[in-house]
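These are the residues of each chain, in order.
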Amino acid sequence: MIVWKPRSVQIKKKLALVGAGILIAAVTLYLFLPILAVFLRITPEQFFQTLQDPNVISALWLSLFTTAITLTIVILIGTPFAYFHSRYSYPGKVIVDTLIDLPLVLPPAVAGVALLMLYGRVGLLGKYFNMVGIQIAFTTLAVIMAQIFVASPFYLRQAKSLFEQIDPAYEQTSRTLGASPVRTLFLVTLPMTTSGLISGAVMTFGRALGEFGATIMFAGNVPGTTQTMPLAVYVGMQGDFYVGLTISILLVIISFAIMIAVRLIQKREEQHA
Amino acid sequence: MIVILPASNPANIQSLSDLSKSGVKIAMAADTVPVGIATNAAIANLANSTYGQDWKTATMANVVSYETSEPSVATKVSLGEVDAGFVYESTAAAAASGTYQTITIPKKDNYLQTYSIAILKDGTNKAVAQEFEQFMLSSAGQNILQQYGFRTP
Numbered sequence: 008m009i010v011w012k013p014r015s016v017q018i019k020k021k022l023a024l025v026g027a028g029i030l031i032a033a034v035t036l037y038l039f040l041p042i043l044a045v046f047l048r049i050t051p052e053q054f055f056q057t058l059q060d061p062n063v064i065s066a067l068w069l070s071l072f073t074t075a076i077t078l079t080i081v082i083l084i085g086t087p088f089a090y091f092h093s094r095y096s097y098p099g100k101v102i103v104d105t106l107i108d109l110p111l112v113l114p115p116a117v118a119g120v121a122l123l124m125l126y127g128r129v130g131l132l133g134k135y136f137n138m139v140g141i142q143i144a145f146t147t148l149a150v151i152m153a154q155i156f157v158a159s160p161f162y163l164r165q166a167k168s169l170f171e172q173i174d175p176a177y178e179q180t181s182r183t184l185g186a187s188p189v190r191t192l193f194l195v196t197l198p199m200t201t202s203g204l205i206s207g208a209v210m211t212f213g214r215a216l217g218e219f220g221a222t223i224m225f226a227g228n229v230p231g232t233t234q235t236m237p238l239a240v241y242v243g244m245q246g247d248f249y250v251g252l253t254i255s256i257l258l259v260i261i262s263f264a265i266m267i268a269v270r271l272i273q274k275r276e277e278q279h280a
Numbered sequence: 117m118i119v120i121l122p123a124s125n126p127a128n129i130q131s132l133s134d135l136s137k138s139g140v141k142i143a144m145a146a147d148t149v150p151v152g153i154a155t156n157a158a159i160a161n162l163a164n165s166t167y168g169q170d171w172k173t174a175t176m177a178n179v180v181s182y183e184t185s186e187p188s189v190a191t192k193v194s195l196g197e198v199d200a201g202f203v204y205e206s207t208a209a210a211a212a213s214g215t216y217q218t219i220t221i222p223k224k225d226n227y228l229q230t231y232s233i234a235i236l237k238d239g240t241n242k243a244v245a246q247e248f249e250q251f252m253l254s255s256a257g258q259n260i261l262q263q264y265g266f267r268t269p
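Quick mapping for you: the protein sequence lines, in order, are chains A and B. The numbering used here puts the first residue of the first sequence at 8, with every later residue one more than the last. The numbering used here puts the first residue of the second sequence at 117, with every later residue one more than the last.
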């Protein structure tokens, strides 16, 4: 069947398509071309040779190690916290709600200053730790603490809103069928939120992996102990340019690998559901 | 270069040799910035002339942070979060009195950062630039620089 549309409508449709095409191309290229440039400014030989630099290797292991611990702590503590926070109301809930969002808008350098003011050797709490010989600032622990501070809101907000969206009727039904609260949590509630929790964990991982300002302020910058990959990139760009490029490439590869892995996991989740 | 200590001198550092005592926390700049190169050179000179390579190894092991800029080193010291830091003499001189205690590095071991003044070939205001250069090189200009901790060549 032939549909005749007035010429003006056809032209408008074509313009809209062209406009949309330009928009999509602009956004995609703006995000993609800089990343491509990073790969193109170094030859594969230079890349693999720089990979053997001990500072590059130690930055890589330190970043992966600290980010893994950060993620574990945030998930283990954040999930029950988000669950209680979403299910029950308690005095001061509004304040806690706001505090969860605070690290998101706080400049990372400010977060670093804040942590240093509290846990530093002459800090409000730190001076007591120092008296018993416990040092917090300028340690790998400080790296982890900084990462948790800036990255946990991504997971907490996501988990909180996921749990809020789950109809309590599911949990109530499970309880009436005889399941304990813990069993309900693990077999009913969590499976329904897994996909969203994973995406929250990915954002947390990405933010923790890229943390710079709070780390250098609170944990310092020593290769092997506290020089994470972002710090090594910055120092590298001041001195050994190829070290900076190589680590940047590593970070891009890791980020892509995580995103692809998550897509695959989420696809399998959806197939099961 | 000069070594600055927090005003309260928590690690009770009295001389350069104390920098190698275990448990002392030192901040210095990374060797990717000029002040870091200067710090490393001064420490190497001190080790070769007076304190020995063991002193240098122990001192470098006490470094808790390689900062990416010199003001960050000064800040960590003034906060009291580290026991000592390596900065330019001009930084120590420019700070309000009482902020730091200092330990000087002997001139023969020290690394002198030379600052030059020059007129750009393609400059558009060469006459004024000439006047300014002559002023800075005159005794009046040199006095101002000395007030801020710089030495005459």
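One thing to keep in mind: the hints can contain errors.
Said to hold, decoys possible - Subject to a maximum C-alpha distance of 20 Å in a straight line, what follows is the list of computed SDA-like cross-link-like pairs (lysine to any residue): (1) A:Lys134 <-> A:Met124; (2) A:Lys167 <-> A:Phe88; (3) A:Lys134 <-> B:Ala127; (4) A:Lys167 <-> A:Ala116; (5) A:Lys134 <-> B:Gly139; (6) B:Lys137 <-> A:Lys167; (7) B:Lys172 <-> A:Val229; (8) B:Lys137 <-> A:Ile29; (9) A:Lys19 <-> A:Ile29; (10) B:Lys137 <-> A:Ile141; (11) A:Lys134 <-> B:Gly196; (12) A:Lys134 <-> B:Leu195; (13) B:Lys137 <-> A:Ile265; (14) B:Lys137 <-> A:Gly28; (15) A:Lys134 <-> B:Ser124.
Treat the hints as calculated values from the structure; they're not laboratory data. Because the structure is a prediction, the values reported are computed rather than measured.
Taking the hints in turn, this is what the structure says about them:
Between A:Lys134 and A:Met124 the CA atoms are separated by roughly 10 Å; this keeps the pair inside 20 Å, and the hint holds. Taking the CA atoms of A:Lys167 and A:Phe88, the gap is about 8 Å. The hint holds against a cut of 20 Å. With a CA separation close to 15 Å, the supplied pair A:Lys134 and B:Ala127 stays within the 20 Å bound. A threshold of 20 Å between alpha carbons decides the hint, and for A:Lys167 with A:Ala116 the separation of about 27 Å lies outside it, so the pair is violated.
Restraint check: the Cα-Cα separation between A:Lys134 and B:Gly139 comes to about 16 Å, which is no more than 20 Å; the hinted pair holds. A distance of roughly 50 Å separates the Cα atoms of B:Lys137 and A:Lys167; the hinted pair therefore is violated under the 20 Å criterion. A C-alpha spacing of about 17 Å is found between B:Lys172 and A:Val229, which places the hinted pair at or below 20 Å, so the restraint holds. For a cut-off of 20 Å, the pair hint linking B:Lys137 to A:Ile29 is broken: about 64 Å separates their Cα positions.
Using a Cα cut-off of 20 Å, the hinted pair A:Lys19 and A:Ile29 holds, with the two alpha carbons roughly 15 Å apart. This hinted pair checks out: B:Lys137 and A:Ile141 have alpha carbons roughly 18 Å apart, not beyond 20 Å. Distance restraint check for A:Lys134 and B:Gly196: the Cα-Cα separation of roughly 11 Å lies within the 20 Å cut-off, and the hinted pair is therefore satisfied. Taking the CA atoms of A:Lys134 and B:Leu195, the gap is about 13 Å. The hint holds against a cut of 20 Å.
Using a Cα cut-off of 20 Å, the hinted pair B:Lys137 and A:Ile265 is violated, with the two alpha carbons roughly 45 Å apart. Taken as a hint, the B:Lys137 and A:Gly28 pair is broken in the structure, with Cα atoms around 66 Å apart against an allowance of 20 Å. A C-alpha spacing of about 14 Å is found between A:Lys134 and B:Ser124, which places the hinted pair at or below 20 Å, so the restraint holds.
Of the numbered hints given earlier, the model fails hints 4, 6, 8, 13 and 14; all others are met.
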